[in-house]
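Participant: One letter stands for each residue in the lines below.
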Amino acid sequence: MFSDELEKIDWDETTRKIMSKTDADVRRALAKSHCDVEDFMALLSPAAEPYLEQMAQLSKKYTEERFGNTMSMFIPLYITNSCSNSCVYCGFHVSNPMPRVILTPEQIENEYKAIKQIAPFENILLVTGENPAKAGVPYLAKALDIAKKYFSNLKIEVMPLAAEEYAELREHGLNGVICFQETYHKANYNIYHPRGMKSKFEWRVNGFDRMGQAGVHSIGMGVLIGLEKEWRTDITMMAYHLRYLQKKYWRTKYSVNFPRMRPAQNEGFHPNCYMTDKQLAQATFAMRIFDHDVDISYSTREPAFIRNNMAMLGVTTMSAESRVNPGGYHTYPQALEQFTVSDNRKVGDIIASLKAVGREPVWKDWDASFDHKAS
Amino acid sequence: MKITVNNKETEFDGTSVSDLAAQLQLPEKGVAVAVNNEMIPRSEWQATPLAENASVVIIKAACGG
Amino acid sequence: MEKLVIAGKEFGSRLFLGSGKFSSNQIMEEAIKASGTEMVTLAMKRIELDDKEDDMLKHIAHPNIQLLPNTSGVRDADEAVFAAQMAREAFGTNWLKLEIHPDPRYLLPDSVETLKATEKLVKLGFVVLPYCQADPVLCRQLEEAGAATVMPLAAPIGTNKGLETKEFIRIIIEQAGVPVVVDAGIGAPSHAAEAMEMGASACLVNTAISVAGNPVEMAKAFKMAVEAGRMAYESGLGAVATNNMVASASSPLTAFLNE
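Chains as they are written, first to last, in our numbering: chain G, 1 to 375; chain F, 1 to 65; chain C, 1 to 259.
Hints should not be assumed to be uniformly reliable.
Claimed, not checked - Pairwise CB distance ranges (calculated):
id : chain 1 : residue 1 : chain 2 : residue 2 : range
1  : G       : Glu106    : C       : Leu124    : 32 to 40 Å
2  : C       : Gly125    : G       : Lys200    : 37 to 45 Å
3  : C       : Gly236    : G       : Asp10     : 57 to 65 Å
4  : C       : Met224    : G       : Trp363    : 57 to 65 Å
5  : C       : Thr93     : F       : Asn7      : 21 to 29 Å
6  : G       : Met19     : C       : Lys161    : 32 to 40 Å
7  : F       : Glu52     : G       : Met1      : 58 to 66 Å
8  : F       : Asn53     : C       : Glu30     : 44 to 52 Å
9  : G       : His34     : C       : Ile65     : 33 to 41 Å
10 : C       : Leu124    : G       : Asp12     : 45 to 53 Å
11 : G       : Asn110    : C       : Gly236    : 55 to 63 Å
12 : C       : Ala7      : G       : Phe370    : 57 to 65 Å
No lab work stands behind these hints, which were simulated from the structure alone. Glycine included, C-beta positions come from ideal geometry on N, C-alpha and C.
Please build the complete structure, drawing on both the sequences and the hints.
Facilitator: Rendered as structure tokens:
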């Protein structure tokens, strides 16, 4: 399990290493065709800032070699905001007095239909809070069963599950799981996640092993940038985690996200750091140079001009016209969001921008019928 | 009686694998014996009988990469 | 130099030696000593009934040397299991170089049978070091089956051609969770050094030493090459100039970040 590996990697020592990377370290990393985590640290470090342009060119080159001129499109659907956790930064915080919704199967189906009216989405991401009693595995299974009629690639972003539960959902057509570790800083993790199931650091960080054991085809990772001041260290930990998972669960494909925190409706949490656009770009390029094949996903959290420009420099997956409240496409178009969407453009505008930079949107790159597990 | 040892027909007077080992003066170490394609550990040589036409394979170390 | 650990056992030397094709057992023994190796392979053969030849075993058996019997000559998994049991009985070790090559011409390993045999032998308690194709997926499957190392070939056995499979060996090293021993085809100390610089855990050399003009000196040369390569790997090699560093200033991709 990754928690055992993580014990061996000292946070402060890693921070020190990153901050002491030199110009020569960066040049060495750039010259390599295959980088290790040490090289990744160099590319992520302040020493690499003068090399941003070279990194962009390299990132573009590798991305085009592996992905061609494509952009895989997906759309998230929040099916419930009911949540027993108290993540201090989240709009769905348990003690946030907001209306809670658990969409009924009928409402879920209406959402699917509404999404199909927006654009020919085939990749859907079902998102929930954590309410295992009312919106647990059977509820997700039902939502997946209905989704199969409308979409060919089904992913979830929900609380960490047991391996058997992931395996069970695979029988209902589940192809991918996205889960953000939020932070790899174990001590501080508990400050941000003081109560509820989410306060269990090991359960969350080892959830990725359980996904791998269950044979989940696609695993998405991310650290929430804004929690740890030393965000470079957090992203480096994610790089270690990625390499660990790739070695162990090698039949799975991986994606990474760099969600930058935005103000939530939960008053009182101010991000501990702010990652600039340049730093986000540097982290993205560093990840692509480190791993030529990993999917890099930008959501509508990011503003349009960042998404437009980064679309040809390393990003391979994007959402569009997302609503981040339950039932936002049809049932409750006005309800409270988990975070604020920055890129509010219509799908048509997003596609036009992608085409303008030479990227072809891909709606479908997987079909559940390829998976003998899914019925 | 007749048995084959490494595909060679051999006259054998005894009854067990141990008897054959004695007859062939097999060394204490570095050899293994199989009877009818089944490896017989040294500890079982005594108790393993050899019947007429038994096929015995005896191997030892050789140079190789 | 970091110690090599295979199946919990430490090795000070990262050069493994094959015992084939030496002109005499005496020269073989001297070459083994000169190489500093702690792992020597050997084969099995059927005894002659009027056997008077010199026992090769006594020339390689040494407290510092792990004997690694091979299954050379077998053609499928079942034969390999039989050979393995014979080897364990004869040499008192459960370590095994698994090699299955039904093709007598190039002696190329049979991937399907090798994987099957690995699964069976691991269950029977063997420490299995399979000689295999430089096939990254196969190596992962062998690892999952419980192989103690993977031993991908650099080039066909005995050809001395060096790292013909370099790109695949690079991927295998990148992915492996067990030591990667480059086996077969290494023809010169520079080949061994190159494999070690890439991060291979060890090299297995036979023909290049045993048929050299002076096998004992050549064994020494390989010892030094393997150590040099490993040391270089552990020290972190410098950058090679590549096109990766060329930036075209004409239309910077990152201009939008300065707006």
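Participant: Against the structure, test the hints numbered earlier, and report the numbers of the ones violated in rising order.
Facilitator: The structure conflicts with hints 1, 3, 6 and 12, although it agrees with all the remaining ones.
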